[in-house]
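Input sequences plus hints: build the corresponding full structure.
Number of protein chains: 2
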Amino acid sequence: MESLMMDRQLLLSSLLWRTERLFHDKKIITRIGDGQYHEYTYREYGTRVRKLANALGRLGIGHGDRVGTLGWNHYRHMETYFGVPGTGAVLHTVNLRLFPEQQRFTINKVSDKVLIFDPDQLALVEELVDLGIPTVETFVVFGDTVPETRLSNVYSYEELIAAESDEYEFPEFDEHDAAAICFTSATTGDPKGVVYSHRGMVLQAMCLAMHDKLGMSEDQVWLEVAPMFHCNGWNIPHTALLQGSTLVLPGAHPQPLDYVRMVSDLKVTGMNAAVTIGTLMRDAVHTSGQDWDLSSLRTMWLGGQAPSKAIMNWWAEQYGTYVTQGWGMTENTPQICFSAIKSTLRESAGDDELLALRQKQGQPIPLVEIRILGPEGEELPWDGESVGDFWVRSPFTASAYYEDERTAENMVGGWFRTGDVGAIDGDGYVILKDRSKDLIKSGGEWISSIDLENALMAHPKVREATVVNIPDEKWLERPLACVVPTDDSLTEDELRTHLAVDFAKWSIPDRFLFVREVPKTGVGKYDKKVVRSLYTDGGFDAVEAKLG
Amino acid sequence: MESLMMDRQLLLSSLLWRTERLFHDKKIITRIGDGQYHEYTYREYGTRVRKLANALGRLGIGHGDRVGTLGWNHYRHMETYFGVPGTGAVLHTVNLRLFPEQQRFTINKVSDKVLIFDPDQLALVEELVDLGIPTVETFVVFGDTVPETRLSNVYSYEELIAAESDEYEFPEFDEHDAAAICFTSATTGDPKGVVYSHRGMVLQAMCLAMHDKLGMSEDQVWLEVAPMFHCNGWNIPHTALLQGSTLVLPGAHPQPLDYVRMVSDLKVTGMNAAVTIGTLMRDAVHTSGQDWDLSSLRTMWLGGQAPSKAIMNWWAEQYGTYVTQGWGMTENTPQICFSAIKSTLRESAGDDELLALRQKQGQPIPLVEIRILGPEGEELPWDGESVGDFWVRSPFTASAYYEDERTAENMVGGWFRTGDVGAIDGDGYVILKDRSKDLIKSGGEWISSIDLENALMAHPKVREATVVNIPDEKWLERPLACVVPTDDSLTEDELRTHLAVDFAKWSIPDRFLFVREVPKTGVGKYDKKVVRSLYTDGGFDAVEAKLG
Chain A
1 MESLMMDRQL LLSSLLWRTE RLFHDKKIIT RIGDGQYHEY TYREYGTRVR
51 KLANALGRLG IGHGDRVGTL GWNHYRHMET YFGVPGTGAV LHTVNLRLFP
101 EQQRFTINKV SDKVLIFDPD QLALVEELVD LGIPTVETFV VFGDTVPETR
151 LSNVYSYEEL IAAESDEYEF PEFDEHDAAA ICFTSATTGD PKGVVYSHRG
201 MVLQAMCLAM HDKLGMSEDQ VWLEVAPMFH CNGWNIPHTA LLQGSTLVLP
251 GAHPQPLDYV RMVSDLKVTG MNAAVTIGTL MRDAVHTSGQ DWDLSSLRTM
301 WLGGQAPSKA IMNWWAEQYG TYVTQGWGMT ENTPQICFSA IKSTLRESAG
351 DDELLALRQK QGQPIPLVEI RILGPEGEEL PWDGESVGDF WVRSPFTASA
401 YYEDERTAEN MVGGWFRTGD VGAIDGDGYV ILKDRSKDLI KSGGEWISSI
451 DLENALMAHP KVREATVVNI PDEKWLERPL ACVVPTDDSL TEDELRTHLA
501 VDFAKWSIPD RFLFVREVPK TGVGKYDKKV VRSLYTDGGF DAVEAKLG
Chain B
1 MESLMMDRQL LLSSLLWRTE RLFHDKKIIT RIGDGQYHEY TYREYGTRVR
51 KLANALGRLG IGHGDRVGTL GWNHYRHMET YFGVPGTGAV LHTVNLRLFP
101 EQQRFTINKV SDKVLIFDPD QLALVEELVD LGIPTVETFV VFGDTVPETR
151 LSNVYSYEEL IAAESDEYEF PEFDEHDAAA ICFTSATTGD PKGVVYSHRG
201 MVLQAMCLAM HDKLGMSEDQ VWLEVAPMFH CNGWNIPHTA LLQGSTLVLP
251 GAHPQPLDYV RMVSDLKVTG MNAAVTIGTL MRDAVHTSGQ DWDLSSLRTM
301 WLGGQAPSKA IMNWWAEQYG TYVTQGWGMT ENTPQICFSA IKSTLRESAG
351 DDELLALRQK QGQPIPLVEI RILGPEGEEL PWDGESVGDF WVRSPFTASA
401 YYEDERTAEN MVGGWFRTGD VGAIDGDGYV ILKDRSKDLI KSGGEWISSI
451 DLENALMAHP KVREATVVNI PDEKWLERPL ACVVPTDDSL TEDELRTHLA
501 VDFAKWSIPD RFLFVREVPK TGVGKYDKKV VRSLYTDGGF DAVEAKLG
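The listed protein sequences correspond, in order, to chains A and B. In terms of UniProt numbering, the first sequence opens at residue 1 and continues consecutively. In terms of UniProt numbering, the second sequence opens at residue 1 and continues consecutively.
Some clues are possibly wrong.
Identical copies carry no separate label here, and so any pair may be met within one copy or between two of them.
Claimed, not checked - Pairs of lysine-lysine residues, derived as BS3-like cross-links and limited to a Cα-Cα distance of at most 25 Å, are as follows:
| id | residue 1 | residue 2 |
| --- | --- | --- |
| 1 | K342 | K529 |
| 2 | K267 | K342 |
| 3 | K213 | K267 |
| 4 | K520 | K441 |
| 5 | K441 | K505 |
Hints in this document: simulated from the structure, not taken from any laboratory.
This is how it looks when you write it as structure tokens:
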């Protein structure tokens with residue numbers, strides 16, 4: 001029996017309809033300098049979103065066409081978040097931190113027709129043109145003017161939209177249509193493209209809005225630190241707009257002290273960031289020598305890895321800030337779990353138990369189903385002990401990578417294999433034991449150890465090499481290379497110079513261990529667990545002693 | 001461009017999946033006598049829902065078949081809320097308060113195959129069988145045993161499910177399929193059927209869960225007073241289950257003092273009820289002569305009509321309870337608006353302004369679009385002054401009545417005409433002036449009965465008041481006020497003087513009826529039709545005789 005309900009689609013533009021009418025006086029605030037802010041209301045935001053939509057039409061962008069951005073977190077980038085998908089076009093946020101060759105790959109893979117970028121990315125974009133991005137017909141610089149450039153067919157964002165009408169009727173189309181694309185780095189090979197739907201992004205924003213522990217309600221002043229070029233900024237900008245929260249964006253090249261100043265200046269009440277930011281902000285507070293009042297900050301959502309107890313306690317004690325966390329990934333639009341402590345557990349737990357519970361990755365958000373499978377594909381119990389592979393499914397989980405054969409490795413039988421490993425306790429709290437063993441997460445970015453190993457082993461003076469993740473105070477993890485030289489004359493500097501050809505500076509290992517043999521597993525693979533535990537047990541000296 | 005997201009459907013069973021795993025220890029508590037409660041966990045709930053699903057299969061209920069209920073708010077009725085739609089069958093909650101002939105009409109209209117009813121409804125069901133409900137093949141009594149009856153093919157609920165397996169795989173099907181049916185009374189003719197979708201009910205529950213002013217979070221103990229046989233209990237049972245809140249159900253024939261006792265016994269933190277309940281509970285507190293501690297009650301959501309300022313203030317002063325409201329209707333699954341005060345308004349408003357704002361019906365909830373049209377079908381501005389017909393659309397708004405020609409009157413051009421009349425202010429707050437049929441047109445001027453009712457109820461000596469339009473030779477229509485005094489000393493002159501502060505002379509009622517109780521509809525609203533027809537049948541004397 002069919003229901004008799006209207007067939008209204010879950011489109012991003014339907015969120016904007018409401019925000020403009022109910023929260024027209026609420027603001028989007030962007031940092032444009034030390035203590036300097038650009039601010040305007042959601043009413044002005046909506047007006048400019050419509051102008052952008054009209055401008056894209058004039059540039060020949062139609063339903064399903066891709067528009068790329070290379071931008072920091074600011075109001076103009078936020079305008080593309082609704083202005084591009086609102087028309088039925090697809091927003092491809094190119095990751096600023098990828099290597100140019102990878103950025104070129106992603107742009108060509110999805111055939112971006114327009115590329116909108118920040119002024120500081122101009123040299124990069126010129127390089128991309130040299131490398132070859134033939135589908136891009138039009139370039140737009142986020143700003144008032146076009147800098148001196150050898151690009152052709154280039155506009156400034158402001159001149160592009162200036163003359164456009166602010167009348168624009170958002171079209172209606174299927175909620176399953178693409179709204180955005182984001183690429184995720186792979187253990188081997190090129191980045192993999194995830195194509196988000198309007199439906200999934202609306203549902204994900206609603207799920208985030210439901211969480212009272214996150215508390216993205218209308219009265220929040222929310223600082224979006226997580227980059228908007230990665231996983232739709234965790235879908236937080238959409239949630240803020242949906243709820244009518246004040247949205248604060250940190251602008252270009254923000255430093256930890258900038259976040260501190262923004263919280264203080266704007267009475268920020270909530271923020272989301274990679275886990276390192278919680279530590280870096282603490283350090284910035286200390287080294288600044290100033291007495292900051294950050295007590296407005298009720299919630300700090302740290303992602304990517306579990307925040308340490310020390311960080312949770314420091315923020316609670318200093319400012320009464322509740323540090324929380326979750327678990328997400330590009331393929332899940334992105335949130336899978338969010339940490340919220342059940343009232344029944346809160347009542348019975350002591351302080352230490354609570355802190356331990358808060359270090360778990362939380363419970364699956366609504367609409368997400370999760371399971372753990374053992375080595376034979378058998379489903380494991382939720383007992384907090386049984387460790388296996390996490391699989392998820394939901395209306396906002398990727399069913400495939402964009403035109404990519406690696407789909408078959410991860411999307412099996414209607415489920416997505418996350419590549420993460422761990423357990424689930426009896427109340428549905430996920431406990432990550434290990435991420436996909438070949439990846440290193442440094443400062444919120446993935447570094448592929450396999451890629452580094454392959455590059456190292458390509459060096460003529462290297463016989464064997466493995467790269468593992470080791471704890472780091474500032475970046476949480478850094479790569480450590482363990483190398484067997486063929487020739488005693490090999491130096492660290494030679495390896496660094498060698499890697500710099502293909503790798504961004506931040507992804508190159510800080511430390512190199514020269515050893516006689518890399519420990520191996522029974523089947524002859526490099527045993528990273530052994531390398532890592534030798535390191536954590538005793539530091540470099542011990543490793544060198546044992547391995548060297 | 002199509003997205004590459006999984007095609008997971010929004011089904012009610014997907015909410016249950018999560019509740020059973022994450023909130024298995026949270027409870028559903030049902031009042032079964034004075035201070036006596038039945039309670040079990042969501043784990044047991046899920047087990048019994050599965051047994052019911054298996055039992056329905058054994059009875060031959062398939063996808064799309066209709067299962068009727070005639071029940072109060074209790075755990076077994078709650079089991080049908082997920083057990084019936086979970087299988088793909090459709091739950092038809094028959095309204096206990098309709099006349100038997102209307103109940104028979106609704107059962108036949110949708111061809112219920114099974115009818116599950118409370119023991120106290122047995123005589124009624126026997127009467128319905130006499131009247132003729134030929135599609136019903138099986139009768140089930142909510143309880144342990146079957147009372148003496150002349151019905152055939154009748155089971156007790158407990159014997160029906162006892163032997164069933166608690167293993168049941170909820171099937172996957174289209175989220176647009178029907179989950180539930182509810183009938184709404186019409187001004188003329190038979191009740192009209194609204195067929196709810198899984199999609200709409202899931203989305204509506206998510207929208208309710210997002211409202212921090214409603215605050216249906218995991219730590220709530222929520223008392224569902226609104227009847228589960230009407231509009232899916234305002235979708236509150238689904239929202240409680242989605243969030244893992246403790247759900248409290250008042251059982252059969254609850255009286256106002258029972259609600260007071262439940263709040264006190266169970267430390268209830270939130271409740272939803274028809275607007276009269278706020279007054280009746282206050283009166284029950286007074287007349288009980290006991291000193292109740294109801295301070296656990298943070299939120300009281302009153303629906304159907306705006307709660308008076310007197311009631312808002314009384315609950316706030318006595319117990320710190322925040323009385324809030326919204327606007328909904330059967331055709332909207334049911335919520336359209338919910339009252340939440342924007343932080344920007346809260347900061348600038350004085351106490352009186354705040355109270356006035358809280359008497360508006362609130363802002364459209366997410367995914368709902370709303371408009372007001374003038375007499376020529378022109379769209380009116382949101383200025384708080386322009387009064388017209390409210391139209392809505394959303395993914396949970398009815399596109400048609402079930403096999404009913406009256407669809408054409410209300411569903412036009414993809415919008416639903418609500419039949420309500422009013423204005424919208426500049427922040428999107430809806431101000432209901434009247435049902436279009438209840439507006440009073442006197443000497444060419446519109447008089448809002450709702451404004452008069454609110455003013456009358458603000459008088460300290462008035463407990464209930466309703467205002468209806470009655471024919472008048474000279475003015476065509478005049479307002480008639482029907483008032484329940486708290487105190488026999490109340491006079492017409494006192495009320496006239498009171499109204500003269502805010503109302504023009506011509507809009508003040510000529511006649512006041514003092515009665516012991518205002519007649520109410522099946523869902524507890526003032527029944528203006530009855531007041532009006534009593535008057536038109538016999539004039540004032542007759543009304544006073546019948547009501548007084």
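Original post:
Broken hints, numbered, in rising order?
Top reply: 1
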